[in-house]
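Using the sequences and the hints given, assemble the complete structure.
Here are the chains, one letter per residue:
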Amino acid sequence: AQTVTQSQPEMSVQEAETVTLSCTYDTSENNYYLFWYKQPPSRQMILVIRQEAYKQQNATENRFSVNFQKAAKSFSLKISDSQLGDTAMYFCAFTNRDDKIIFGKGTRLHILP
Amino acid sequence: EAGVVQSPRYKIIEKKQPVAFWCNPISGHNTLYWYLQNLGQGPELLIRYENEEAVDDSQLPKDRFSAERLKGVDSTLKIQPAELGDSAVYLCASSLEGPGTGSTDTQYFGPGTRLTVL
Numbered sequence: 001a002q003t004v005t006q007s008q009p010e011m012s013v014q015e016a017e018t019v020t021l022s023c024t025y026d027t028s029e030n031n032y033y034l035f036w037y038k039q040p041p042s043r044q045m046i047l048v049i050r051q052e053a054y055k056q057q058n059a060t061e062n063r064f065s066v067n068f069q070k071a072a073k074s075f076s077l078k079i080s081d082s083q084l085g086d087t088a089m090y091f092c093a094f095t096n097r098d099d100k101i102i103f104g105k106g107t108r109l110h111i112l113p
Numbered sequence: 114e115a116g117v118v119q120s121p122r123y124k125i126i127e128k129k130q131p132v133a134f135w136c137n138p139i140s141g142h143n144t145l146y147w148y149l150q151n152l153g154q155g156p157e158l159l160i161r162y163e164n165e166e167a168v169d170d171s172q173l174p175k176d177r178f179s180a181e182r183l184k185g186v187d188s189t190l191k192i193q194p195a196e197l198g199d200s201a202v203y204l205c206a207s208s209l210e211g212p213g214t215g216s217t218d219t220q221y222f223g224p225g226t227r228l229t230v231l
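Line order of the protein sequences matches chains A and B.
First residue of the first sequence? That's 1 in my numbering, and the numbers climb one at a time after it.
First residue of the second sequence? That's 114 in my numbering, and the numbers climb one at a time after it.
Honestly, the hints are just simulated from the structure, not real lab data.
Cβ atoms here follow ideal geometry from the backbone N, Cα and C, with glycine treated the same way.
Please note that the accuracy of each hint is not assured.
Said to hold, decoys possible - Think about it this way: if two alpha-carbon atoms lie no more than 27 Å apart in a straight line, the pair counts; the simulated DSS-like pairs of lysine-lysine are: (1) K100/A to K175/B; (2) K100/A to K70/A; (3) K124/B to K105/A; (4) K105/A to K78/A; (5) K128/B to K175/B; (6) K78/A to K55/A; (7) K124/B to K175/B; (8) K100/A to K184/B; (9) K105/A to K73/A; (10) K191/B to K128/B; (11) K70/A to K55/A; (12) K105/A to K175/B; (13) K191/B to K175/B; (14) K105/A to K55/A; (15) K128/B to K184/B; (16) K100/A to K73/A; (17) K191/B to K105/A; (18) K191/B to K100/A.
Said to hold, decoys possible - Here are the in silico distance ranges between beta carbons for each label pair: (19) K129/B to I46/A: 19 to 29 Å; (20) L231/B to E52/A: 37 to 47 Å; (21) Q69/A to K129/B: 47 to 57 Å.
Claimed, not checked - Chain A is faced by these chain B residues, among others (derived, beta-carbon under 7 Å): (22) Q154; (23) D169; (24) G185; (25) F222.
Here is the structure:
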């Protein structure tokens, strides 16, 4: 069975700093998709970034980038120049082509002024 | 473009009472998901619809939970009777396509319904 592990329940960083959130997963599949979702205190979950496993190039979306290490089954999220609005729960998620999406337990990120 | 709409946003009921949640997905999205999210946890899938068909309801507690998606658009999730342990946030999400269709598309989430069972 696929699993997603986020080992950092909570993190705090100063505004403008860079922060990296960790995520590891376990699967025997070769083709799959990985996501980072953000859930602010208002609770609306929004997609931050996605990565297709067959792509070697790490995905980037403005200040958000991932470090995808397929062999190590690691998918970390880096937030550069962090902003107060980045304060939220961040969920790492996994899905293959034929199965449901599986979420990790989340990392609560606090950006401090 | 309007996002996924859910109502009500909050619901407080006494145990053993019935409750229903409503979801309107993004226009044109064929796949609809209902998730349960407990405090401090990630969402867990309850049921997934491809158009009108429930294609994955393996995690839905069928003794008290039911769902429907008439006409392949709006969906309702019902609990009857509610138990104390059902207190959680119920999230609805939709995507253009779902797993098994050859394309795993991004899921867009609604704001959720926070249920409190007293």
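Are the Cα positions of K70/A and K55/A separated by 27 Å at most? It holds: about 10 Å lies between the C-alpha atoms, which stays within 27 Å.
Restraint: G185/B near chain A, CB-CB cut 7 Å. Satisfied or not? violated (19 Å)
Taken at face value, is the distance from the CA of K78/A to the CA of K105/A at most 27 Å? This hinted pair holds, its Cα atoms lying about 18 Å apart.
Can you confirm whether the C-alpha distance between K100/A and K175/B stays at or below 27 Å? holds (19 Å)
Distance restraint between K124/B and K175/B, which requires alpha-carbon spacing of 27 Å or less: It holds: about 21 Å lies between the C-alpha atoms, which stays within 27 Å.
Measuring from the C-beta of F222/B to each C-beta in chain A, is the shortest one below 7 Å? Interface hint status for F222/B: holds (4 Å vs cutoff 7 Å).
For the pair supplied as a hint, K191/B and K105/A, is the alpha-carbon distance within the 27 Å limit? holds (25 Å)
When the nearest CB of chain A is found for D169/B, is that gap smaller than 7 Å? holds (6 Å)
Within 27 Å, alpha carbon to alpha carbon, are K100/A and K184/B? Distance ~23 Å between K100/A and K184/B Cα, so the pair holds.
Answer holds if the nearest beta-carbon of chain A is closer than 7 Å to that of Q154/B; otherwise answer violated. With Cβ-Cβ at 6 Å, under 7 Å, it holds.
Checking one constraint from the list: CA of K128/B to CA of K175/B, max 27 Å. Satisfied? Roughly 18 Å between the alpha carbons, so the hint for K128/B and K175/B holds.
Compare the distance between the alpha carbons of K100/A and K70/A with 27 Å, and conclude whether the hinted pair is satisfied. holds (20 Å)
In summary, the numbered hints that this structure violates are 15, 19, 24.
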